[in-house]
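Colleague: Read off the chains here:
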Amino acid sequence: MILFDRVSKRYEEGHDALREISIDIGRDEMVFLTGHSGAGKSTLLRLIMLMDRPTRGKLLVDGTDLAKVGSRAIPRHRREIGVVFQNHQLLFDRSVFDNVALPLVIAGYDQREVGRRVRAALDKVGLLARERALPITLSGGEQQRVGIARAVVGRPKILLADEPTGNLDPALSADVMQLFEEFNRVGVTVLIASHDLGLISQLHHRTITLRDGQLVTGTSA
Amino acid sequence: MANDAASGRREGASLSRTSFMGRYDAWLRHHRQSSADSLFRVLDNPVSSILTWLVIGIALALPVSLDVALENAGRVSSTWDSSAQLSLFLVDGTSQDAGKALTEELAMHPQVARVQFVSREDALAEFTSVSGFADILENLEENPLPHVVLVEPLEDVDPAQVTGLRDEFEALGLVAEATLDMAWLQRLNSLLELSRRSVLALGGFLIFGVVLILGNTIRLAIESRREEIVIVKLVGGSNAFVRRPFLYTGLWYGVGGGVFAALLVGAGLWFLSAPVEQLASLYGSDFSLRGPGLIGSLNLVLVGGMLGLIGAWLAVSRHLGAIEPR
Chain G
1 MILFDRVSKR YEEGHDALRE ISIDIGRDEM VFLTGHSGAG KSTLLRLIML
51 MDRPTRGKLL VDGTDLAKVG SRAIPRHRRE IGVVFQNHQL LFDRSVFDNV
101 ALPLVIAGYD QREVGRRVRA ALDKVGLLAR ERALPITLSG GEQQRVGIAR
151 AVVGRPKILL ADEPTGNLDP ALSADVMQLF EEFNRVGVTV LIASHDLGLI
201 SQLHHRTITL RDGQLVTGTS A
Chain R
1 MANDAASGRR EGASLSRTSF MGRYDAWLRH HRQSSADSLF RVLDNPVSSI
51 LTWLVIGIAL ALPVSLDVAL ENAGRVSSTW DSSAQLSLFL VDGTSQDAGK
101 ALTEELAMHP QVARVQFVSR EDALAEFTSV SGFADILENL EENPLPHVVL
151 VEPLEDVDPA QVTGLRDEFE ALGLVAEATL DMAWLQRLNS LLELSRRSVL
201 ALGGFLIFGV VLILGNTIRL AIESRREEIV IVKLVGGSNA FVRRPFLYTG
251 LWYGVGGGVF AALLVGAGLW FLSAPVEQLA SLYGSDFSLR GPGLIGSLNL
301 VLVGGMLGLI GAWLAVSRHL GAIEPR
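Sequence order for the protein chains is G and R.
For what it's worth, our numbering labels the leading residue of the first sequence as 1, then goes sequentially.
For what it's worth, our numbering labels the leading residue of the second sequence as 1, then goes sequentially.
Read the hints as simulated data drawn from the structure, not as lab findings.
A portion of the hints provided could be inaccurate.
What the hints assert, rightly or not - Between beta-carbon pairs, the in silico distance windows are:
#, chain 1, residue 1, chain 2, residue 2, range
1, R, Leu302, G, Arg76, 32 to 38 Å
2, G, Gln111, R, Gly209, 37 to 43 Å
3, G, Ile136, R, Phe20, 37 to 43 Å
4, G, Asp28, R, Asn216, 49 to 55 Å
5, R, Leu302, G, Ser95, 33 to 39 Å
6, G, Glu13, R, Leu302, 50 to 56 Å
7, G, Gln111, R, Ser48, 26 to 32 Å
8, G, Ile136, R, Met306, 35 to 41 Å
As the list claims (entries may be wrong) - Residues on chain R that point at chain G, a partial pick, calculated with CB under 7 Å:
#, residue
9, Ala26
10, Glu228
11, Ile231
12, Val235
13, Gly236
14, Gly237
15, Ser238
16, Phe241
17, Pro325
Claimed, not checked - Output of the computed footprint for chain R on chain G, the stretches with three or more beta carbons under 8 Å from beta carbons of chain R:
#, segment
18, 71–79
19, 83–91
20, 98–105
Think of the CB as a built atom: it goes at the ideal place given N, C-alpha and C, for glycine as much as any other residue.
Using the sequences provided together with the hints, build the complete structure.
Modeller: The following block contains the structure:
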């Protein structure tokens, strides 16, 4: 589903964020990406989302060579990937409902379908009762779950998460991970960047470790 | 993996085949949504929106009202155009008979429409009654006025030919002096033409200004929604999707400005119409001010809307591309 073939990323200031990375993540897999901050986790996710492009190497997502995706096709590419951000990236002047509905509105679903799917996603993350609330009135954990609902509402084939439990206490973190496992069970490829090694070790999934932009364990499966 | 890719493509193809109408609906829906949403945003800040509308309205109303003024001045002067006439003052001591004979002779001229002989006695009587200097004129020992022949050229005689006529008549033995009453009219007309050009240039500048004002307003709107733009782009919003609400914002500002401009011009006309009609009636004319009318006002709104779109487009194409998720 996601294939890195000797991918390197060097930023303009000369810093090598990724060096010769080769990873193959299969359909239906749930994979953890760990490493210290600055090890290249975020860069790897950014490459998949086409927020950056590799300096060298080949990157395929769902069979598409990302080098062939022009800048005009980037929005469509992003619509097929759900992303959970560490800092949530919510619109604070819109209700929870509107935040979760955003990907569907962009994709052009009609209002009834939007309502149905948004409520289903909110129900899944246990926030159905808060659909009219503004994100600012929610706790950090609730905001994170709004972000998760938004990431899955468009039923993407791939779900990326960047430190989704970064600001949460252990109980909430476990809840969030359980949510990701549920999505994985229904066929979504899940890739989670996290340095919460304790939590990761409790869950039995493949783990990829990066150090200074290089792969340490978990080479192409 | 290869299988995945193939099935993925098939799915994509069938999706795009069946959903052309769906995509059109979605496109229309987003236009509706973003136009309404932009309008609400504009109306949500009434004070700043009204100020923007006023700025644009004034900038548009200025050249338009000048143009309306010129249009009216042109109408006034055009009613005078046909009255271009030559006054031939006859040599002192010319007898009335000789004057009348000359008048009949001039009436045969191919470029002349009408000729009128005004004897010095008639002229004095008219002058006395009109000027209000009756007392002074009575005290004069003799009539200071000469006989006059008023010559009105045919309407299709152009100004250069009229000047030629004047020279021709002045050369006649009995004529002391021929004056062309059109000279001032020509000056007025060229003055009007000059003013028209100035208004055009001024209008051009102000329209440019309106576009810049709108562009700047939209730039500020873009800046204030920077985070939102980043998020929308992160979850797959295309440039067109992000651009749309701002284009509508520009449209609403422009349309509102056009409405304000039309109102300002209308109010100005209403304010001036009473004194203008009074002045006209003093000159024995039933002239009244003519405004841009309904069509002109609608055009003004249309022009405002177009300027709004242009300004928004400039701002959006310049600033939106720079906002990318980092």
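Colleague: If I claimed the Cβ atoms of aspartate 28 of chain G and asparagine 216 of chain R lie 49 to 55 Å apart, would that claim hold in this structure?
Modeller: Taking Cβ atoms as reference, aspartate 28 of chain G and asparagine 216 of chain R lie about 52 Å apart, which means the hint holds.
Colleague: Quick one, is the glycine 236 of chain R hint okay against chain G at 7 Å, beta carbons?
Modeller: holds, 3 Å
Colleague: For the hint on glycine 237 of chain R, just tell me whether its beta-carbon gets within less than 7 Å of chain G.
Modeller: holds, 5 Å
Colleague: Within 50 to 56 Å or not, the Cβ separation of glutamate 13 of chain G and leucine 302 of chain R?
Modeller: Check passed, 51 Å falls within 50 to 56 Å.
Colleague: Under 7 Å, Cβ to Cβ, is where glutamate 228 of chain R needs to be relative to chain G, so tell me if that hint holds or is violated.
Modeller: Because about 6 Å separates glutamate 228 of chain R from the closest Cβ in chain G, which is inside the 7 Å limit, the hint holds.
Colleague: May I ask you to test the interface hint for valine 235 of chain R with respect to chain G, counting a Cβ-Cβ separation under 7 Å as satisfied?
Modeller: With a closest approach of 5 Å, the valine 235 of chain R hint holds.
Colleague: Just tell me: holds or violated, for the beta carbon distance of isoleucine 136 of chain G and phenylalanine 20 of chain R against 37 to 43 Å?
Modeller: holds, 40 Å
Colleague: Could you check if isoleucine 231 of chain R really has its C-beta closer than 7 Å to a C-beta on chain G?
Modeller: holds, 5 Å
Colleague: So, proline 325 of chain R near chain G? Judge it on the closest CB pair being under 7 Å.
Modeller: holds, 5 Å
Colleague: Quick check: the segment 71–79 of chain G, covered by chain R? Criterion 3+ residues, Cβ under 8 Å.
Modeller: holds (count 6)
Colleague: Is the gap between the beta carbons of isoleucine 136 of chain G and methionine 306 of chain R within 35 to 41 Å?
Modeller: Given range 35 to 41 Å: holds, Cβ gap about 39 Å.
Colleague: Within the assertion that chain R covers the segment 83–91 of chain G, do at least three residues meet a Cβ-to-Cβ distance smaller than 8 Å?
Modeller: Holds, because 5 residues of the segment 83–91 of chain G bring their Cβ atoms closer than 8 Å to Cβ atoms of chain R.
Of the numbered hints given earlier, the model fails none.
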